[in-house]
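*Asks:* Heads up: the sequence lines are chains D and A, in that order.
Numbering follows my numbering, in which position 304 of the first sequence is assigned residue number 304; successive positions increment by one, without gaps.
Numbering follows my numbering, in which position 137 of the second sequence is assigned residue number 621; successive positions increment by one, without gaps.
One should not assume that every hint holds.
DSSO-like mimics (lysine-lysine), calculated; alpha carbons at most 30 Å apart, straight line [to be verified]: (1) Lys781/A <-> Lys851/A; (2) Lys647/A <-> Lys428/D; (3) Lys781/A <-> Lys428/D; (4) Lys106/D <-> Lys355/D; (5) Lys355/D <-> Lys33/D; (6) Lys428/D <-> Lys352/D.
These aren't lab readings, by the way, just hints derived from the structure by calculation.
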Amino acid sequence: MNLASSLWLVSPEVFLSVSSLILLLVAAWSQEKAARLITILSVAALFGASTLLMALSHNPDFKGGADAFDGLYRMDAFGSSAKFLIYLAAIISLIVAPRFFQAGGKYRSEYPVLILFATIGMGMMVSATDMMTLYIGLELNSLSAYVLASFIRTDIRSSEAGLKYFVLGALASGMLLFGISLVYGFAGSTSFAVIGDALSGDLSTGPLIGLVLVLSGLAFKISAVPFHMWTPDVYEGAPTPVSAFFASAPKVAAVALTARVIIDAFGGQTSAWQQIIVFVALASIILGAVAAIGQQNIKRLLAYSSINNVGFLLIGLAAGTAQGISAMMFYLAIYVAMTLGSFICVLEMRGKDGKPLESLSSLAGLSQTQPGLAAAFAVFMFSLAGIPPLFGFWGKFLVFDAAVAAGMLPLAVIGIAASVIGAFYYIKVVKIIYFDDPADEIAVTGHKAENILIAILALIVSPLGYLAIPFVAPITAAAAAALF
Amino acid sequence: MNQLDFPILSLMMGLPMLAAIICLFLNAQAARWLALATTLALFGLGIVLWANYDIGGPQWQYVERAELFGNFAWALGIDGISMMLIMLTVFLMPICIGASWEAIQTRVGEYMAAFLFMEVLMIGVFAAQDLFLFYILFEAGLIPMYLIIGIWGGANRIYASYKFFLYTLLGSVVMLIAMLWMVQDAGTSDIPTLLNYDFAPEAQTWLWLAFFASFAVKMPMWPVHTWLPDAHVQAPTAGSVILAGVLLKMGGYGFLRFSLPMFPEASEQFIWLIFGLSMVAVVYTSLVALVQQDMKKLIAYSSVAHMAIVTLGLFAFNRQGIEGAIIVMLSHGLVSGALFLCVGVIYDRLHTREIDRYGGLSINMPKYAILFMLFTMASIGLPGTSGFVGEFLSLVGLYKVNSWVTLVATTGIILGAGYMLYLYRRVAFGELVHDDVKAMPDLSAREMALLAPIAAAVMWMGVYPESFMAPIRGDVGALVARIDRAAPEGDAHLKMGEAKPAIKDEAHREAH
Chain D
1 MNLASSLWLV
11 SPEVFLSVSS
21 LILLLVAAWS
31 QEKAARLITI
41 LSVAALFGAS
51 TLLMALSHNP
61 DFKGGADAFD
71 GLYRMDAFGS
81 SAKFLIYLAA
91 IISLIVAPRF
101 FQAGGKYRSE
111 YPVLILFATI
121 GMGMMVSATD
131 MMTLYIGLEL
141 NSLSAYVLAS
151 FIRTDIRSSE
161 AGLKYFVLGA
171 LASGMLLFGI
181 SLVYGFAGST
191 SFAVIGDALS
201 GDLSTGPLIG
211 LVLVLSGLAF
221 KISAVPFHMW
231 TPDVYEGAPT
241 PVSAFFASAP
251 KVAAVALTAR
261 VIIDAFGGQT
271 SAWQQIIVFV
281 ALASIILGAV
291 AAIGQQNIKR
301 LLAYSSINNV
311 GFLLIGLAAG
321 TAQGISAMMF
331 YLAIYVAMTL
341 GSFICVLEMR
351 GKDGKPLESL
361 SSLAGLSQTQ
371 PGLAAAFAVF
381 MFSLAGIPPL
391 FGFWGKFLVF
401 DAAVAAGMLP
411 LAVIGIAASV
421 IGAFYYIKVV
431 KIIYFDDPAD
441 EIAVTGHKAE
451 NILIAILALI
461 VSPLGYLAIP
471 FVAPITAAAA
481 AALF
Chain A
485 MNQLDFPILS
495 LMMGLPMLAA
505 IICLFLNAQA
515 ARWLALATTL
525 ALFGLGIVLW
535 ANYDIGGPQW
545 QYVERAELFG
555 NFAWALGIDG
565 ISMMLIMLTV
575 FLMPICIGAS
585 WEAIQTRVGE
595 YMAAFLFMEV
605 LMIGVFAAQD
615 LFLFYILFEA
625 GLIPMYLIIG
635 IWGGANRIYA
645 SYKFFLYTLL
655 GSVVMLIAML
665 WMVQDAGTSD
675 IPTLLNYDFA
685 PEAQTWLWLA
695 FFASFAVKMP
705 MWPVHTWLPD
715 AHVQAPTAGS
725 VILAGVLLKM
735 GGYGFLRFSL
745 PMFPEASEQF
755 IWLIFGLSMV
765 AVVYTSLVAL
775 VQQDMKKLIA
785 YSSVAHMAIV
795 TLGLFAFNRQ
805 GIEGAIIVML
815 SHGLVSGALF
825 LCVGVIYDRL
835 HTREIDRYGG
845 LSINMPKYAI
855 LFMLFTMASI
865 GLPGTSGFVG
875 EFLSLVGLYK
885 VNSWVTLVAT
895 TGIILGAGYM
905 LYLYRRVAFG
915 ELVHDDVKAM
925 PDLSAREMAL
935 LAPIAAAVMW
945 MGVYPESFMA
955 PIRGDVGALV
965 ARIDRAAPEG
975 DAHLKMGEAK
985 PAIKDEAHRE
995 AH
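Could you build all of it, start to finish, from the sequences and the hints given here?
*Replies:* This is the structure we're talking about:
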């Protein structure tokens, strides 16, 4: 495959890279004045990349996927659908940001550029078919994320979040690299396909340790238990639009990446990775549910909720079948809508002094002061809890269906029983919103763009979402089929 | 499509849904009127449904199906049993709205929306012909009920709403896993097809237990009934009516629609469990009801006892038992609803449910005392009221299977008479000692309009039960034929008496 066609295959990333570099230069010269303009241009760049992505995935020449750069990168339905979700999440994180940062001080023009860099990294992650591409994509995403977490320099919690994220993230990257080097040592290549061929039959201790370390590094990125510790602190400390971004786009990228590594590189070693994933899934569901109960800060609560949801996502992966991967992708799409919706609701909560409110108690009686916002928040909470008829139920339904089809009944039963524990804290939030007497702290809410976003996301997770199943299901099925 | 050439069931779900959304944006009075008009219109549609129902026609009528959701379908259709339960729902709903007319003064629009949404789900549960559609509607009922108890409930409403939500959710989730397995095994989520699909007996055991966990909580059966008294006591009057009147019936409906016909072997295998728990429930909860100081709690416990009669009748595996159980369900829906309304009437005047605070109401509230008496008698199961028909039939059915269980179950009737008459004596008879009770006015026209229709229905069902049994007869017959292969042998060994020697007769004749 020649260079031109390889470049054509990675055109969304190339386009984003060029645009972000130009925007960075603009930002460097224009300082804060152009921050808004740069944000708008970044959104436009993401739309442009999405268009390229559409063009690529509908190109009959690349039907069934195509390799670029001699197998370092692969353009296929799986990567494209994940990328599409990532771009969408990034766009939403950009739209809600300016107003938030301006209310607390200055909106700096580095924010949109960093989001773009992170997005390029994520695009590479989901398309990586080689450990090297994987690592570069991951680090590009992570390094942008560290800076984003500590974006408000004057806020001590934000700085702490960035530092904590960086230290723990570096550790995880180290583990991942060590795992990659072990796997490379035993398999003789960094390419997923070659590793998959080399590691067949009984797995010796060396590559097994490599596999465990690779999975540990990836588990850190998707904040699965036992590598979840950074999540609540970072989500709490980081500015809310950044937390919303962290909870959505990188989750999609890392989960998709994990799926590709497991299926492509370790597909022959099902028994080795399956027990790890099953353990991590159940531990995430249970810990995510139990630890959330005592939280007083909404962002921490949502952090545990994301840990909890990652557990359910991994159930789809644990099934290890095309049906499981398809369920996982569908769940990811619903999850992105639910979690972004909840974070935007949090974003709208401000006290009379204009400071962001984050404590659960400040939500009290929201239904009487802000009925629309309260209803949307309740919809997101019930949906995250997986209570039908809200659409969050459908994600859980699909992953459990896949687990049952794969014969993993105990996993399904324990997982769904643990979801009841999770339901407790979600309905606790609803209780605070609807049953408690109003706290007169909340004053400012509602900007048109945010309200429209909340309304759209709430409609997606409302029962109307079921009508979308016949349209989304073929896409996720095609995405899953691309891996097998 | 169906006898009306019109998707009437979808209309019955769409109309209240639309009204619920509109209610959210209306002021209090407009929301009340819209809710009343909608529920009355639905009652009208319910009558159309019943009038056009073809008794003896196909098992599933008013069938409609749209492949909307990929993995499952929007499939609705009813048999006689579903129709009677839908009738119960649409009959009680306007009464619930009327009962909330003055009692609910805060956030009326949201309240009416929650009730209308509840109605959508209840009709949907009884009409769903797709397993997953059923599950979604069955579970969705948690959300409006959680809000109804939590927002408009009594002092301890938070605890009660949590308990209600988590208990029922925990019961139901395992059922979902069982459903997923069933659909993969049978290759369809169509309920009529599944009803005739034979699952392997070993699998049935697990599936039955998973469904049992859900329906036993919903029913509720002892010992997982404890959410019910809390929920009833804290819920507003109309919430209690709908909870006791319709939501509890979903448990019985589940046993009837899923557990028995889909897993007949397992149902037979676990008959001891059902009988054991139901016997405990009948005796234990009746005794608990006897010592209650709170009127709503007393009626809540009596509900548990009555529902135990339902499970006993259902698992008798014969026509009398099952028909009786369905009639008990309908009758209890009316009677317990009416009793909660009776409590609500005096609660609205005195704002206490403590039995000792009342007394002598027959003196200053004669109309109330008469209606309360009627419903008390119906709850006891006096012949001529609806309670008698169902309980008698269930016990007859049960007697064919097990005399000892029947003996224990029958004590429930006696104990039921005990606690209900004791309640009635303390509330309605005696002297008017409390001044504030003395000042209570008799039933208003609105309250009369709520209670009188139920009284009429209770009498109708008691005097001419055939109206209610005719539509269900064919369906019960189909069910009995389906489960007959697993039916337990009765413990009563009837023997044909010795034929009288013909010789004697002839000799007798010769003597003449």
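*Asks:* Going through the earlier hints one by one, which of them does the structure break, listed in rising order?
*Replies:* none
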